[in-house]
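Colleague: Put together the whole structure using the sequences plus the hints.
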Amino acid sequence: MRGFFGTGLKWAVVLFASLMLTGCWDVVEVRHDAFIVGIGIDQINERKLEVSLLQLVIPETKSGNKSSGGDKEGTKYTMISATGESLSECVQKLRDKLEERLTLSKVAFVVFGNDIARQGLNPYLDYFYRSNEIDQGLQLFVAKDDARSLFEKEKGKLVHFAVSGFSYKPTFLPMKLWMFTPNVFSVLEGSYIPIIDIRNGNLTIAGMGLFNRSRMTTVLQNETMNFLNILLDRHVKDIILFSNENRDQSFRIDSVQRKIRWSEQSVRIDYRLKGSIIQSTTETTMPSQKQLETKIAMKLERDLVAVLLQAHNQGVDILGIGEKFRQNQWSTNRWLSKLKHLGIQVHCDVTIISGLGKTH
Amino acid sequence: MKSYTRISTAQYGIVLMFAYICLTPFGFPTLLYRHLGHHAWIMVVVAFVFSAANAYITFDLARKFPEENLVEWSQRLFGKLFGSLYSLAALIVIFLWGTLMFMELWTIINYTQLPSTPAFAPNLYLIGAIVYLLSKGIEAWARASQILALVLVPTIVAFTLPQLPNASFARLLPLTDISWSSFANTEVLAALFMFRASFFVFFIYPHLKETRSVYQWSILAMAIAAAVILFSVMVPTTIFGEKAVKELAFPFQEAAATVELRGLPIQKISFLAPVIWQIIIVYVLGTTFFCVSRGIQSLFGWRKEMRILVALGTATYLFSIISVPYATLSRIVVYWSLSGLIVFALIPTIIWAILKVFGEMRR
Chain A
1 MRGFFGTGLK
11 WAVVLFASLM
21 LTGCWDVVEV
31 RHDAFIVGIG
41 IDQINERKLE
51 VSLLQLVIPE
61 TKSGNKSSGG
71 DKEGTKYTMI
81 SATGESLSEC
91 VQKLRDKLEE
101 RLTLSKVAFV
111 VFGNDIARQG
121 LNPYLDYFYR
131 SNEIDQGLQL
141 FVAKDDARSL
151 FEKEKGKLVH
161 FAVSGFSYKP
171 TFLPMKLWMF
181 TPNVFSVLEG
191 SYIPIIDIRN
201 GNLTIAGMGL
211 FNRSRMTTVL
221 QNETMNFLNI
231 LLDRHVKDII
241 LFSNENRDQS
251 FRIDSVQRKI
261 RWSEQSVRID
271 YRLKGSIIQS
281 TTETTMPSQK
291 QLETKIAMKL
301 ERDLVAVLLQ
311 AHNQGVDILG
321 IGEKFRQNQW
331 STNRWLSKLK
341 HLGIQVHCDV
351 TIISGLGKTH
Chain B
361 MKSYTRISTA
371 QYGIVLMFAY
381 ICLTPFGFPT
391 LLYRHLGHHA
401 WIMVVVAFVF
411 SAANAYITFD
421 LARKFPEENL
431 VEWSQRLFGK
441 LFGSLYSLAA
451 LIVIFLWGTL
461 MFMELWTIIN
471 YTQLPSTPAF
481 APNLYLIGAI
491 VYLLSKGIEA
501 WARASQILAL
511 VLVPTIVAFT
521 LPQLPNASFA
531 RLLPLTDISW
541 SSFANTEVLA
551 ALFMFRASFF
561 VFFIYPHLKE
571 TRSVYQWSIL
581 AMAIAAAVIL
591 FSVMVPTTIF
601 GEKAVKELAF
611 PFQEAAATVE
621 LRGLPIQKIS
631 FLAPVIWQII
641 IVYVLGTTFF
651 CVSRGIQSLF
661 GWRKEMRILV
671 ALGTATYLFS
681 IISVPYATLS
691 RIVVYWSLSG
701 LIVFALIPTI
711 IWAILKVFGE
721 MRR
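If you read the protein sequences in the order shown, they are chains A and B.
Residue numbers are given in my numbering: position 89 of the first sequence equals residue 89, and the series is strictly consecutive.
Residue numbers are given in my numbering: position 336 of the second sequence equals residue 696, and the series is strictly consecutive.
Since the hints were derived computationally from the structure, they do not count as laboratory data.
Incorrect hints may appear among the rest.
Stated by the list, open to error - Pairwise CB distance ranges, derived in the manner of DEER restraints:
| id | chain 1 | residue 1 | chain 2 | residue 2 | range |
| --- | --- | --- | --- | --- | --- |
| 1 | A | Thr224 | B | Leu510 | 50 to 56 Å |
| 2 | B | Leu535 | A | Met298 | 38 to 44 Å |
| 3 | A | Arg31 | B | Gln657 | 43 to 49 Å |
| 4 | A | Arg130 | B | Ala587 | 26 to 32 Å |
| 5 | A | Ser86 | B | Thr709 | 50 to 56 Å |
| 6 | A | Asp145 | B | Leu698 | 54 to 60 Å |
| 7 | A | His341 | B | Ser476 | 50 to 56 Å |
| 8 | A | Lys93 | B | Leu521 | 52 to 58 Å |
| 9 | A | Ile240 | B | Ala481 | 58 to 64 Å |
| 10 | B | Glu427 | A | Ala12 | 35 to 41 Å |
| 11 | A | Asn222 | B | Leu510 | 52 to 58 Å |
| 12 | B | Ala583 | A | Trp262 | 32 to 38 Å |
| 13 | B | Arg622 | A | Arg130 | 24 to 30 Å |
In this text, a Cβ means the ideal position worked out from N, Cα and C, and glycines have one as well.
Modeller: What follows is the structure, given as structure tokens:
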């Protein structure tokens with residue numbers, strides 16, 4: 001018996017281990033993986049969805065591609081689509097179409113068609129929350145029109161932007177899956193998703209979709225979307241503000257300090273902005289620094305209040321006032337209707353710290 | 361085989377710390393969120409205070425019988441029959457601890473890292489390694505645990521701290537809207553057995569080189585483990601919010617998945633979770649196998665330790681390859697925890713109180 005537990009057992013373990021260490025059992029080579037980098041989801045009609053996958057093409061790999069593009073470095077992407085009544089059904093059909101193993105662990109972004117965003121993303125996000133392959137850090141986008149046509153035009157630009165390019169846009173507000181999560185389950189915190197488009201071959205941020213839970217209820221257009229940065233106090237550096245509608249003077253923000261005072265009846269938000277005048281188009285003498293600061297501050301106050309009212313009227317609590325109410329144990333019953341009637345005061349204090357190369 | 365049979369208190373403290381952490385960051389938080397919402401972390405504090413007091417009783421009992429393990433002193437106190445029955449119940453609870461945690465670990469690894477890998481091969485190696493280590497004597501296992509701790513401690517720090525920038529601690533407010541009746545629930549009460557590894561001292565005490573600072577080491581180990589568990593309960597709520605965190609199966613893992621360390625060779629820290637907890641399970645199973653094999657030797661008078669270890673390893677292995685729904689597993693863990701509270705908190709407290717009273721009377 002000792003022999004069995006001694007030498008015999010050791011040899012048995014070594015032999016069994018050598019079998020396992022060959023590494024060839026069920027192995028899938030990299031070139032047999034269909035690495036999906038982007039998913040697009042569109043509504044075709046009341047019952048049908050179309051799911052488009054953007055697949056990274058690894059040399060020597062063949063797949064059932066319909067169209068392809070590539071980025072500047074020559075990386076190729078191919079698009080493959082399927083229709084069905086649910087996201088999982090579409091993914092299943094796509095899995096059948098592919099000659100390689102469908103791999104979702106490299107998905108960097110999901111683009112929702114505009115129609116789907118307006119109906120609500122929850123049924124689709126559920127798939128992503130359950131999947132053990134999907135990364136919490138993937139970026140969410142809404143297509144200006146539909147995701148499929150965006151994929152057909154994107155030529156690798158969207159992949160590049162979602163993976164690293166966005167970090168070079170100082171005022172871009174990314175929305176990742178995990179950041180959107182609290183919003184899906186509570187009306188006390190609103191959220192946003194960037195709306196993207198391809199115009200003249202260039203990827204552009206066409207606006208910001210504002211979301212009540214998972215439903216896009218309103219859109220901040222290109223001209224107003226940077227006010228969202230200031231309201232949220234995120235990525236504010238390098239935002240350009242103007243002194244009036246004619247854009248006579250341009251003010252570039254260096255820093256913002258935000259202070260919010262909460263009460264059950266009203267919310268007061270104070271901003272202290274510092275920055276530089278980067279351009280003045282007026283031929284006449286510039287107003288005094290104090291006058292200019294007041295002009296920029298007053299215009300900004302009006303703009304910020306307008307954005308807040310637009311959001312609140314569409315049931316989007318973009319500042320998370322409701323969550324603050326919950327934390328303070330103030331009533332949040334019928335919150336969205338309460339939000340519309342809540343007093344909002346915005347006060348801005350602008351300081352021009354420099355005229356850069358000119359004295360003022 | 362048993363040339364080294366004694367370990368230092370520091371080695372005991374290290375083993376105990378990881379045994380305390382166990383799989384708790386993945387298992388209990390989900391149950392606690394369901395009943396206590398953003399107050400879930402309070403139960404960790406309550407369990408810590410309760411377990412610290414219980415650890416003192418455990419330590420004091422072990423000190424009263426310095427050369428005996430739980431089976432030996434319980435047979436002397438309760439008589440052969442009742443002592444054996446109590447010992448058997450204790451050994452079953454300990455054995456199930458290792459087995460249930462091992463089963464839970466594989467569910468997590470399947471979800472996080474190896475969805476297509478069948479459990480039979482890696483589990484066999486893991487259990488084989490633990491059985492082999494223990495067969496070389498308790499000190500060989502303790503030394504290996506010490507070396508593993510050098511890797512494990514910085515890895516746990518790297519896994520947890522980067523989550524903080526994504527956290528918004530205001531989500532844990534308000535503190536005052538707590539409903540104390542929510543605590544009167546079996547799933548919540550089961551969390552009192554969160555720091556269950558205290559029973560280790562009942563079996564390891566005769567094998568400690570010196571015993572002066574055992575309680576201090578136990579509390580230090582428990583405090584560090586409590587900090588890790590507290591973090592694992594609090595941070596997911598601060599990232600995802602109270603409502604969302606109730607919906608997620610493994611909130612701590614998802615919280616780690618929110619971290620992106622751009623520019624570093626390792627961008628995602630979430631892949632560390634299976635690695636960390638596969639090492640932690642070595643501590644848990646090592647503790648389980650050691651306590652149960654010692655107990656079986658004392659209970660049945662069997663002396664062939666290697667055979668007992670192989671039998672325990674085989675039984676744990678067979679359980680681990682059975683596919684059990686996660687909800688069922690969680691339910692079993694709840695009932696097992698309640699049984700554990702009776703066996704390792706209630707009964708030892710009664711014994712300790714009786715011994716105290718009789719001790720005082722004799723004096």
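Colleague: Confirm or reject each hint.
Modeller: Hints and how they fare:
no.: 1; hint: A/Thr224 to B/Leu510: 50 to 56 Å; result: 55 Å, holds
no.: 2; hint: B/Leu535 to A/Met298: 38 to 44 Å; result: 40 Å, holds
no.: 3; hint: A/Arg31 to B/Gln657: 43 to 49 Å; result: 55 Å, violated
no.: 4; hint: A/Arg130 to B/Ala587: 26 to 32 Å; result: 31 Å, holds
no.: 5; hint: A/Ser86 to B/Thr709: 50 to 56 Å; result: 55 Å, holds
no.: 6; hint: A/Asp145 to B/Leu698: 54 to 60 Å; result: 57 Å, holds
no.: 7; hint: A/His341 to B/Ser476: 50 to 56 Å; result: 55 Å, holds
no.: 8; hint: A/Lys93 to B/Leu521: 52 to 58 Å; result: 43 Å, violated
no.: 9; hint: A/Ile240 to B/Ala481: 58 to 64 Å; result: 60 Å, holds
no.: 10; hint: B/Glu427 to A/Ala12: 35 to 41 Å; result: 38 Å, holds
no.: 11; hint: A/Asn222 to B/Leu510: 52 to 58 Å; result: 54 Å, holds
no.: 12; hint: B/Ala583 to A/Trp262: 32 to 38 Å; result: 36 Å, holds
no.: 13; hint: B/Arg622 to A/Arg130: 24 to 30 Å; result: 27 Å, holds
Hints 3, 8, counting from the list given before, are not met by this structure.
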